[in-house]
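Listed in order, the protein sequences are those of chains A and B.
Using our numbering, read the first sequence as starting at 1 and increasing by one per residue.
Using our numbering, read the second sequence as starting at 1001 and increasing by one per residue.
Careful: at least some of the hints might be erroneous.
Stated by the list, open to error - Straight-line C-alpha distance at most 16 Å; calculated EDC-like pairs for lysine to aspartate or glutamate:
| # | chain 1 | residue 1 | chain 2 | residue 2 |
| --- | --- | --- | --- | --- |
| 1 | A | Lys-63 | B | Asp-1075 |
| 2 | A | Lys-472 | A | Asp-454 |
| 3 | A | Lys-237 | B | Asp-1075 |
| 4 | A | Lys-498 | A | Glu-794 |
| 5 | A | Lys-798 | A | Glu-733 |
| 6 | A | Lys-365 | A | Glu-354 |
| 7 | A | Lys-66 | B | Asp-1075 |
| 8 | A | Lys-472 | A | Glu-354 |
| 9 | A | Lys-66 | A | Glu-555 |
Said to hold, decoys possible - Computed footprint of chain A on chain B, listed as stretches where at least three residues anywhere in the stretch have a Cβ under 8 Å from a Cβ of chain A:
| # | segment |
| --- | --- |
| 10 | 1002-1008 |
| 11 | 1018-1028 |
| 12 | 1051-1057 |
| 13 | 1067-1078 |
Simulated from the structure, these hints should not be mistaken for laboratory data.
Ideal Cβ positions, reconstructed from N, Cα and C, are used throughout, including at glycine.
Next come the chains, spelled out residue by residue.
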Amino acid sequence: MELSRRSLLKAAAVSFALAAAGCSSSKSSSTSAKQDSAVQPDEWKKAVCRFCGTGCGVLCGVKDGKLVATIGDPDNGSNKGLNCVKGYYLGKIMYGEDRLTKPLIRDDKTTKGSMDGFREATWDEALDLVAQKLKEAHAKDKSRIAFWGSGQMAITEGYIMSKFWKAGLLCNNIDPNARLCMASAVVAFMNVFQTDEPAGSYSDLDEADVFVTWGANMAEAHPVLYSRLTARKVSNKGVRHYDITTLRTRTSETADKVLLFKPQTDLAIANAICNYIIQNKLYDEKFIHDHVQFKAGTENLSHAYEDGYDASEIGQKGGDVWNIEFAEFAKMMSKYTLEYVSELSGVPASDIEELAKEFANPNRKVLSLWTMGVNQHTRGTWMNHNIYNIHFLVGKIAKPGCGPFSLTGQPSACGTAREVGLFSHRLPADLVVNNPQHRRFTEAVWDLPEGYLDPIETPGFHTVKIFRELSKGNIDFLWTASNNWAVSMPNLTRFLAKKPEYQGVIDGFIVVNEVYPTLSAQYADVVLPAAMWVEREGQFGNAERRTAVFEKCVEPMGEAKWDGWIFVQVAKRVLADVKIGDKPAFDVLFGFVWDKEKDDFVGDARKTNRLLFEEYRIFSNPELKPAAQAINKNTEGKFESGLKMENKQLAPYDEYLSHNGMTWPVREVNGQWLETKWRFSYGKQEEGYDQIGVETYGDVGLANDVSFYKSADKKPSAVFRPYEEPAESPDEEYPFWFCTGRFLEHWHSGSMTRRVPELNRALPEALLDMNREDCNKLGIKNGDKVKVISRHGEFEIKVSTAGRTQPNPGMVFAPFFAEETLINLAVHDYYCPLSKEPDYKKTCVRIEKV
Amino acid sequence: MVISSIVVETVQDKVKQVAEKLGECEGVEVHHVEGYKIIITVEAETLDASYDLTKDFIQITGVLAVNLIYCNFEDDPTLKNKVV
């Protein structure tokens, strides 16, 4: 490398870093560094990181059609120019040596479980076969087909599939892998606020005085956000961080206080904080009066041990709630004294009291953050409720630095899985299938005859149900995309046909859109090679309601194709003879983006995505379509009230490109589109407050200048939820709690990050973290191989006593990224009765030295 | 040669020691220290080598976070045949 080029590159590198760090000595702007044509790429394209749920903005440097550089996007509000170490390899994840580049067909089902039985096929042959099998299964019984999507699909991809499955096939057996990570948060959002969204944003990280992490190892799972948390702490004396966890993690290492609790008792700890605040009259009376309604709900829910749980009496009424007075709520909470909960949870009473006082201190801004420890919980929805309850009592929500904030686990869990409605019970934009007005509105947007969607009024199979039914041979056709279910699903001993009575995964016809030969691909009948990350244009929506576009930067590898193209090609074949009214169904649903003569989309990646997004945008901008607006406004008086769909307003597609992502609702003010950082909070729209929403639908002048105008009676619900026993508890036969999770280097099931040699070398194998005391008792040494056995299955793994986590005696931990150490063979699939999200944190196991 | 820049965040009273420690690493140049933040560049032959060098920074006593900002891998010889 020439010295001058090297010097220029270094100068640019330093300039970008100074700007991102906000250093006073940042002399040259990052803009000028980007424009230094001597060494910099031909163009910088906007993108979003492919990993985790943070949704970091990345600028991709493209030169001669190649990706040659990346920068953390300084103008993206989610990460402000920072990336974590996984960002090093964004440019490499597309180029693993075993990248799938041709369609593959398996002719002999007995070869399932390996890549050996596949032969290469043309796209036409593969698409024809997939369409034929889907059509046959659908004609036989549409309850025997299913699609399992992902919070890693782009918004337009999810939109295409949702429309195809729900309107084209009139089937609700469609669910995303977000069911495994976010469903408890979603159900709680709907129960509490009647809208699926957080009130706050990542900006709260820069302003909080007290951070409370509940079951969240942010240092490993959300490193860039954790940087913002530590930055706030380091630069402001008095800022404190409480980590509430079942085992010590890297996040615990930097916390000021760690509240180490016995699994499941987090429910009681939250209630003890509420009770302390109530008993000592530390609550915000005016806030409660203006904003909160109190409720109780069905209790003693038991657990989904049997496949028929959902249809059982308790399964059917588990979500029932009713209004109660504050006094009754307080009485129900009164059981949760510091002493009782300390004994139950193992957390010192003084620590719970200290935290309760932090919550109650009117001069302290408190931010609760949570992820899988709360959501992957047999009472996950309840645990979300219990955190909201605390914040409601003290009025700490929807204000800068204050609030309960659910972090997501995937880059578009919100944008695609939730906002697009890729769930078995949902339609786009918070609409649900079992509400007639919601179906009418959707029909209007999609140009369907009135009543056309009535056949989907009953929700379909949720994720665990899909795989339980598949295992029993009740699903004939399963299609999956952007996930690796054969590694990430729990109870894999059942789902991967390791038991003779559960052979459905072998017998069923399985189609997998994939980029690498993952374990899921090894169980497929057809593998369709998909374009990856910036090989196509797409959009992610992250945890703070931020929608961001990633531009196409390079061509897909080999014959790989955009998922959207694959979905529409199959839809074209399957719907060939189907009519909607007197028109061909395919034309009605996808005619606006498809050129029949070209047999391809009508435009390039930008034009096609813009067309799709603009149709999707009608859901949150109903004035764009009179028929939809009539139902939204209830102009004919057919329904009880209007829908207020514009409350989730999205901006025109190109605005997201020019703004490097924006948090919805995005409002047009004097020709400018302005985002909302603090939902329901009154203040100037241009400063990120929800001025237009509150002025239009809410009430100005209420306590704390907030107005929860989307909630019933404009009051969100504080629902009393008790402590109930976990699905399993340690006993003589299975004496250990087994908790699972992930680490910094590897993203989820490792299908992308394990292709990057250095990331894999940094963390080459999954280890079982154990306490030394337990090891001594069992005669196990560091590095020994053990068998982990549960009631559901078993696997072998090496033990570490110096791992990333430090479990207390009686607890073990392993990450789930390694398919050769398939820990989910032993993890149970018992789920939250309300959200149907499985609990990956509390399987009981025994450990035997191999 | 792959050139990248990183912002290392530290505990306030450890910033000098961390900067010194980082400066001892081959291929690392410390450009600026401000508050609890250290601006460095990393030069290495490949992306893999860059990662190899930086992955252990988090283990240095006092380091709170390692944030990658910029990375130019145009001259990584191992990527020549892979980039389309």
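Verification of the hints:
Distance restraint check for Lys-63 (chain A) and Asp-1075 (chain B): the Cα-Cα separation of roughly 12 Å lies within the 16 Å cut-off, and the hinted pair is therefore satisfied. The suggested pairing of Lys-472 (chain A) with Asp-454 (chain A) is violated, with an alpha-carbon distance near 29 Å, which exceeds 16 Å. The suggested pairing of Lys-237 (chain A) with Asp-1075 (chain B) is violated, with an alpha-carbon distance near 44 Å, which exceeds 16 Å. With a C-alpha separation of about 11 Å, the suggested pair Lys-498 (chain A) and Glu-794 (chain A) falls inside the 16 Å cut-off, and the hint holds.
Between the alpha carbons of Lys-798 (chain A) and Glu-733 (chain A) the distance comes to roughly 21 Å, so the proposed pair goes past 16 Å and is violated. Between Lys-365 (chain A) and Glu-354 (chain A), the direct Cα distance comes to roughly 15 Å. Compliance with the 16 Å bound is thereby established for this hinted pair. At most 16 Å may separate the alpha-carbon atoms for a hinted pair to count; Lys-66 (chain A) and Asp-1075 (chain B) meet this at roughly 12 Å. Proximity of Lys-472 (chain A) to Glu-354 (chain A) is assessed by CA-CA distance (about 51 Å); at most 16 Å being required, the pair is judged violated.
Pair hint Lys-66 (chain A) plus Glu-555 (chain A) holds up; C-alpha atoms about 9 Å apart against a cutoff of 16 Å. Using a Cβ-Cβ cut-off of 8 Å, 5 residues of the segment 1002-1008 of chain B lie near chain A, which meets the minimum of three, so the contact claim holds. Given a C-beta distance limit of less than 8 Å, the hint that chain A covers the segment 1018-1028 of chain B is violated, as 0 residues qualify and 3 are needed. Residues of the segment 1051-1057 of chain B with a Cβ under 8 Å from some Cβ of chain A number 4, which satisfies the need for three, so the listed coverage holds.
As drawn, the segment 1067-1078 of chain B meets chain A at 9 residues by the rule of a beta-carbon pair under 8 Å; at three or more, the given contact holds.
Hints 2, 3, 5, 8, 11, counting from the list given before, are not met by this structure.
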